[in-house]
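Chain by chain, the residues run as shown.
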Amino acid sequence: MKLFGRRIPMMFSLVFWCVVWEIVGRTQDILLVPPFTHVLVACEELLRTPKFLDAVVITLKAFGAGMALAIAIGIPLGVLMGRVEAANRLLGMWVNVFVSAPLTALVPILMILFGLGQATIIVTVFLFAVWIIVLDTYAGVRHVSPSLLEMGRSFGATRWQLYTRLLVWAALPEILAGVRLGLIRGVKGMVIGQLLVAIVGLGELFELYSRNFLMEEFWALTILLFGFALGLAELIGLVERRVEFYAGTRS
Amino acid sequence: MAAGPSPPTEAASARADIVRVQGISKVYEGGIQALDGIDLAFPEGKLTSLLGPSGCGKTTLLKIIAGLLEASAGDVFVHGSKVSTPGPERAFVFQDFALIPWSTVLRNVAFGLELRGVGKNERNDVARKYIAEVGLSGFEDRYPHELSGGMRQRVGLARALAVNADVLLMDEPFSAVDEQTRRKFQEDLIALLDNEKKTVIFVTHSIEEAVYVSNQVVLLSRRPGRVARVIRTDIRSVGTPDEIRRDKRYLDTVEEIWQMLRQYLT
Numbered sequence: 002m003k004l005f006g007r008r009i010p011m012m013f014s015l016v017f018w019c020v021v022w023e024i025v026g027r028t029q030d031i032l033l034v035p036p037f038t039h040v041l042v043a044c045e046e047l048l049r050t051p052k053f054l055d056a057v058v059i060t061l062k063a064f065g066a067g068m069a070l071a072i073a074i075g076i077p078l079g080v081l082m083g084r085v086e087a088a089n090r091l092l093g094m095w096v097n098v099f100v101s102a103p104l105t106a107l108v109p110i111l112m113i114l115f116g117l118g119q120a121t122i123i124v125t126v127f128l129f130a131v132w133i134i135v136l137d138t139y140a141g142v143r144h145v146s147p148s149l150l151e152m153g154r155s156f157g158a159t160r161w162q163l164y165t166r167l168l169v170w171a172a173l174p175e176i177l178a179g180v181r182l183g184l185i186r187g188v189k190g191m192v193i194g195q196l197l198v199a200i201v202g203l204g205e206l207f208e209l210y211s212r213n214f215l216m217e218e219f220w221a222l223t224i225l226l227f228g229f230a231l232g233l234a235e236l237i238g239l240v241e242r243r244v245e246f247y248a249g250t251r252s
Numbered sequence: 421m422a423a424g425p426s427p428p429t430e431a432a433s434a435r436a437d438i439v440r441v442q443g444i445s446k447v448y449e450g451g452i453q454a455l456d457g458i459d460l461a462f463p464e465g466k467l468t469s470l471l472g473p474s475g476c477g478k479t480t481l482l483k484i485i486a487g488l489l490e491a492s493a494g495d496v497f498v499h500g501s502k503v504s505t506p507g508p509e510r511a512f513v514f515q516d517f518a519l520i521p522w523s524t525v526l527r528n529v530a531f532g533l534e535l536r537g538v539g540k541n542e543r544n545d546v547a548r549k550y551i552a553e554v555g556l557s558g559f560e561d562r563y564p565h566e567l568s569g570g571m572r573q574r575v576g577l578a579r580a581l582a583v584n585a586d587v588l589l590m591d592e593p594f595s596a597v598d599e600q601t602r603r604k605f606q607e608d609l610i611a612l613l614d615n616e617k618k619t620v621i622f623v624t625h626s627i628e629e630a631v632y633v634s635n636q637v638v639l640l641s642r643r644p645g646r647v648a649r650v651i652r653t654d655i656r657s658v659g660t661p662d663e664i665r666r667d668k669r670y671l672d673t674v675e676e677i678w679q680m681l682r683q684y685l686t
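In order, the protein sequences belong to chains A and B.
Just so you know, the first sequence maps onto residues 2 to 252 in our numbering.
Just so you know, the second sequence maps onto residues 421 to 686 in our numbering.
To be clear, the hints were calculated from the coordinates, so they are not data collected in a lab.
Misleading hints may appear alongside valid ones.
As the list claims (entries may be wrong) - Label-pair ranges, simulated between beta-carbon atoms:
1) B/T505 - A/L226: 43 to 49 Å
2) A/W18 - B/S557: 56 to 62 Å
3) A/R143 - B/S501: 32 to 38 Å
4) B/R652 - A/L91: 25 to 31 Å
5) A/L226 - B/S504: 56 to 62 Å
6) B/P508 - A/L236: 41 to 47 Å
7) A/R143 - B/N584: 45 to 51 Å
8) A/D55 - B/E566: 38 to 44 Å
9) B/E566 - A/S211: 44 to 50 Å
10) A/W161 - B/G457: 43 to 49 Å
11) B/E566 - A/P77: 32 to 38 Å
Since we're looking at a predicted model, the values are computed, not measured.
Virtual Cβ for every residue (Gly too), placed ideally from N, Cα, C.
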């Protein structure tokens with residue numbers, strides 16, 4: 002970015018809005034917006050609170066389980082839809098509906114079905130993440146060069162070899178994009194699930210802070226959560242770029 | 421009444437013709453007929469070109485012989501036995517190379533052997549030998565996107581040679597390669613085939629290429645493809661590549677085929 006002919010470093014936008022936050026926090030004595038520096042201090046304190054650490058462990062467990070399920074079911078389902086027309090006809094419409102549906106509305110029903118606990122949150126994470134993984138895997142499999150598969154067949158690949166040596170690898174960039182988007186959606190699902198269930202993990206803390214107007218802690222928690230989601234997405238993005246290097250010349 | 425000189429027996433001709441197709445027809449979904457009653461024999465150790473106007477079903481016929489496509493009618497025989505799926509006695513060279521983009525040249529060339537479960541050291545040794553034969557020594561650890569089109573097709577050829585199939589099926593192998601590279605590649609291919617004693621079925625849309633590289637040229641008619649003529653060319657005995665390209669018989673054959681083909685063009 003350039004401003005008045007000078008190069009502005011990437012971090013500028015971040016710093017700028019943090020400063021705005023700080024000024025707003027200091028000049029106006031609004032309870033909802035404490036100064037940014039106070040939030041940072043709260044962040045640091047929060048990271049040392051046992052209650053927070055417990056909440057993090059519970060949250061990560063639910064998130065990990067939900068994501069693992071979403072990946073383990075989403076990728077094979079996407080491959081199936083990409084290869085078998087009947088499966089695509091049967092499921093395609095529903096995947097497209099769910100990928101853009103406001104799934105938050107379903108969480109109360111999940112709470113009835115799975116109880117007020119980890120199970121509901123795992124299912125919520127799963128439901129938020131799985132559809133985009135299915136859709137992207139499907140798109141990736143559909144775009145695999147037909148001649149690459151013909152090559153495999155002509156050199157005597159078994160059906161299993163065709164899938165594990167060629168198809169999945171050729172579709173890997175799209176699959177990873179799906180997993181990255183799934184992770185971001187999964188974090189959303191996790192937060193929404195925990196907020197609605199409100200008695201486990203970070204949801205419990207959010208509930209506690211906002212009910213007691215502990216805004217510094219509240220914002221600290223929010224920032225940490227945002228950081229986690231972005232960091233995770235960035236990590237997958239890193240793997241993606243490596244894979245794209247090798248798959249870059251698919252034709 | 422005494423019989424005259426007996427015609428060659430079925431067995432004898434089967435031995436000479438490594439691949440035979442009988443009554444091959446292909447109708448695609450939607451009713452488009454690509455091929456209509458193709459009968460052909462491909463003599464062992466010879467290079468046969470399939471030539472014809474675009475859309476005449478040359479590639480379709482090649483893929484049916486390869487077992488990649490199913491014929492609507494008719495049979496393909498290799499070594500006298502009927503085939504309908506790909507087999508180890510046939511290897512395919514693809515128009516768009518069909519290399520694995522995330523694998524090195526070495527692994528690409530060894531891929532056919534990898535699928536057959538050949539051990540890593542053994543298959544890499546074989547792969548290195550054929551990489552050297554197609555003139556790509558030193559490029560073993562490169563990736564396909566680091567190579568030019570001509571080099572990529574050399575990888576495709578080495579991969580087909582590495583599985584030691586008797587029959588090479590080549591689908592317009594040089595069409596995605598620039599003109600100068602193509603000439604060099606054609607010469608190298610001919611030299612290579614003299615050593616390897618392969619039977620080659622070669623699809624091309626270039627008359628010059630067909631006459632130059634082939635022992636016989638099969639001319640297909642416009643869709644639905646039928647065998648219009650089989651022309652024995654055998655131009656290679658003339659001499660060096662440059663002598664061939666100036667040879668009268670070569671030029672006449674090219675002209676003869678062009679006169680036959682032009683009736684299909686409108």
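To see whether the hints hold, each was checked on the structure:
About 55 Å separates the C-beta atoms of B/T505 and A/L226, a value inconsistent with the hinted range of 43 to 49 Å. Judged by the Cβ atoms, the range 56 to 62 Å given for A/W18 and B/S557 holds: they are separated by roughly 58 Å. Evaluation of the 32 to 38 Å hint for A/R143 and B/S501 yields a pass: the beta carbon distance comes to about 37 Å. Against the hinted window of 25 to 31 Å, the Cβ-Cβ separation of B/R652 and A/L91 comes to about 55 Å, which falls outside the hint.
Between A/L226 and B/S504, the C-beta spacing of about 59 Å keeps the proposed range 56 to 62 Å intact. A beta carbon spacing of about 44 Å between B/P508 and A/L236 agrees with the range 41 to 47 Å that was offered as a hint. For the pair A/R143 and B/N584, the supplied restraint of 45 to 51 Å is violated, since their beta-carbon distance comes to about 35 Å. Checking the proposed 38 to 44 Å range against A/D55 and B/E566 shows it is violated: the Cβ atoms sit about 52 Å from each other.
Taking the beta carbon of each, B/E566 and A/S211 are about 56 Å apart, not inside 44 to 50 Å as hinted. Checking the proposed 43 to 49 Å range against A/W161 and B/G457 shows it is violated: the Cβ atoms sit about 37 Å from each other. A C-beta distance of roughly 33 Å is found between B/E566 and A/P77, which places it inside the suggested range of 32 to 38 Å.
Of the hints listed earlier, those the structure fails to meet are numbers 1, 4, 7, 8, 9, 10, in rising order.
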